[in-house]
Amino acid sequence: MKRVVITGAGTINALGHTVPETLEAMREGRCGIGELEFRDVERLAIRIGGQVRGYSADTRFNRQQLSLYDRFTQFTLIAAHEAISQSGLEFSGALAAKSGVVLGNSGGGMTTLDENYRSVYEDGKNRVHPFVVPKLMNNAAAGHVSMEYNLKGPSFTVSTACASSNHAMAQAFQMVHGGMAPVMITGGSESMLCFGGVKAWEGLRVMSKDGCRPFSANRNGMVQGEGAGVFVFEEYEHARKRGAEILAEVAGFAMTSDAADIVMPSKQGAARAMRGALSDARINADRVGYINAHGTGTTANDKTECAAVADVFGPHADRLMISSTKSMHGHCIGGTGAVELLACIMALRDGVIAPTIGYEETDPECALDVVPNQAREAPIEVALSNAFAFGGLNAVLALKRFET
Amino acid sequence: MSITERVIGIIAEQAVLERSDVSMDSTLEDLGIDSLGLVESIFAIEEEFDISIPFNANAPQESDFDISSVASIVAGIEKLVKDQS
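Taken in order, these protein sequences are the chains called A and B. Sequential numbering from 1 applies to the first sequence in UniProt numbering. Sequential numbering from 1 applies to the second sequence in UniProt numbering.
To be clear, the hints were calculated from the coordinates, so they are not data collected in a lab. Glycine residues also receive a C-beta, built at the ideal position from the N, C-alpha and C atoms. Check before you lean on any hint, since a few could be wrong.
Unchecked claim - Coverage of chain B stretches by chain A, computed from C-beta distances (three or more under 8 Å per stretch; other residues unrestricted):
no., region
1, 7-16
2, 54-64
Claimed, not checked - Here are the simulated EDC-like pairs of lysine to aspartate or glutamate, each with C-alpha atoms no more than 16 Å apart in a straight line:
no., chain 1, residue 1, chain 2, residue 2
3, A, Lys125, A, Glu115
4, A, Lys209, B, Asp64
5, A, Lys209, B, Asp50
6, B, Lys79, B, Glu40
7, A, Lys267, A, Glu365
8, A, Lys199, A, Glu365
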């Protein structure tokens with residue numbers, strides 16, 4: 001089997017419009033969550049979120065592009081540009097024919113849906129823009145990335161709610177690992193911070209009105225974010241021959257299903273996914289130095305996830321570090337695993353562990369080293385990235401510090 | 001119909017029980033209503049009485065709305081309805 005390395009990373013999220021900006025914010029433990037700004041926000045009970053700020057679509061894309069790019073596609077293209085530029089790859093000939101793009105996304109073009117429903121239902125219009133369908137479809141972003149970069153191999157979108165990106169990256173890994181593709185562009189994006197998107201989430205009564213405080217005893221729910229993370233997964237020999245800079249190695253993954261409840265997480269399902277990822281990567285549990293937690297800040301997730309970690313790692317659970325960067329960028333739903341993979345890369349490559357900010361009170365049910373409030377320096381050899389979705393669908397990636 | 005009768009109707013429907021099976025001292029757990037059922041019941045009650053119930057599934061004990069029994073739910077709704085009028 002082929003080794004798989006990451007040779008490019010890109011993002012835009014509430015913490016920054018690039019990877020360096022985002023990592024700097026994570027190192028500083030900065031919070032990207034604030035008051036939401038969009039039409040009808042005053043009709044919501046939940047009015048905070050990790051919105052991408054200082055962003056103007058008009059300066060990034062032209063009018064024709066914007067008629068086809070929902071906000072989640074815009075974010076994807078911005079992140080893909082950064083990742084592919086960093087990798088130095090250009091796709092033509094046999095490389096283009098075999099390389100593809102697998103992205104995670106949950107809601108599709110929610111802003112497009114919201115605006116057009118408003119137009120026909122509220123404003124009573126009987127005509128919508130002709131591109132509503134190609135703009136809102138979940139696979140629009142993957143399609144545009146393939147067109148922009150001439151990627152002619154396997155491309156598709158994976159939709160498993162909050163685990164979408166991890167499932168997508170696991171698929172991309174598998175394709176490169178198995179020799180099917182030399183390079184895969186992967187990650188995910190989400191943008192459902194619009195009236196209808198947040199209104200729907202409000203209904204579940206799991207959102208916090210005042211902040212995201214994962215693992216803290218006084219946590220009271222999740223806070224939604226938005227953004228994209230895109231990576232270049234490349235076969236190691238291919239990367240080595242062209243002298244590419246390697247950010248980290250993707251060592252393995254596992255996917256499990258709880259087969260139990262549509263929203264409540266299961267300790268067994270989470271534990272099986274973490275164990276499976278280690279086994280797939282042939283890594284002993286005691287080599288794991290960092291886990292990027294799913295860490296949503298809900299009562300149910302955080303205690304279940306900590307119990308699963310304790311179960312899988314035994315006494316080593318007290319030595320490893322686990323943090324939730326959702327405390328800073330919010331829960332980017334279908335894009336969250338991709339944005340969070342950046343924290344794993346920072347841990348492995350730079351030896352800097354992103355903190356769980358907003359941590360205020362110890363919770364005996366989350367008694368692990370959650371790297372409260374301040375980033376920490378520590379050499380990390382292996383990192384896991386957890387994602388546990390509604391539907392009971394779990395996906396965990398195992399990454400290694402790159403060594404030849 | 002009184003508030004109590006209307007609430008019992010909603011809870012009975014959610015629990016797929018006869019109204020007579022729902023007593024004032026029943027807990028939602030006794031009635032087999034899980035976390036999703038609870039959120040759905042609260043939604044149905046809000047719609048029925050046109051009120052807004054301060055309930056966060058993450059911190060039910062801090063929600064200022066006691067869901068420990070049918071009686072406490074009815075008392076909470078009576079207060080909200082009264083405050084509204």
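For each hint, the structure was consulted:
Counting residues of the region 7-16 of chain B whose CB falls under 8 Å from any CB of chain A gives 0; the rule of at least 3 is not met. As drawn, the region 54-64 of chain B meets chain A at 6 residues by the rule of a beta-carbon pair under 8 Å; at three or more, the given contact holds. Restraint check: the Cα-Cα separation between Lys125/A and Glu115/A comes to about 12 Å, which is no more than 16 Å; the hinted pair holds. For the suggested pair Lys209/A and Asp64/B, the alpha carbons sit about 15 Å apart, so the restraint of at most 16 Å is met.
Taking the CA atoms of Lys209/A and Asp50/B, the gap is near 22 Å; set against the 16 Å cutoff, the hint is violated. A hinted pair counts as satisfied when its Cα atoms are at most 16 Å apart, and Lys79/B with Glu40/B does not qualify at roughly 20 Å. Simply put, Lys267/A and Glu365/A have alpha-carbon atoms about 13 Å apart, close enough for the 16 Å limit, and the pair holds. At most 16 Å may separate the alpha-carbon atoms for a hinted pair to count; Lys199/A and Glu365/A exceed this at roughly 30 Å.
Against the hints set out earlier in the document, violations occur for numbers 1, 5, 6, 8.
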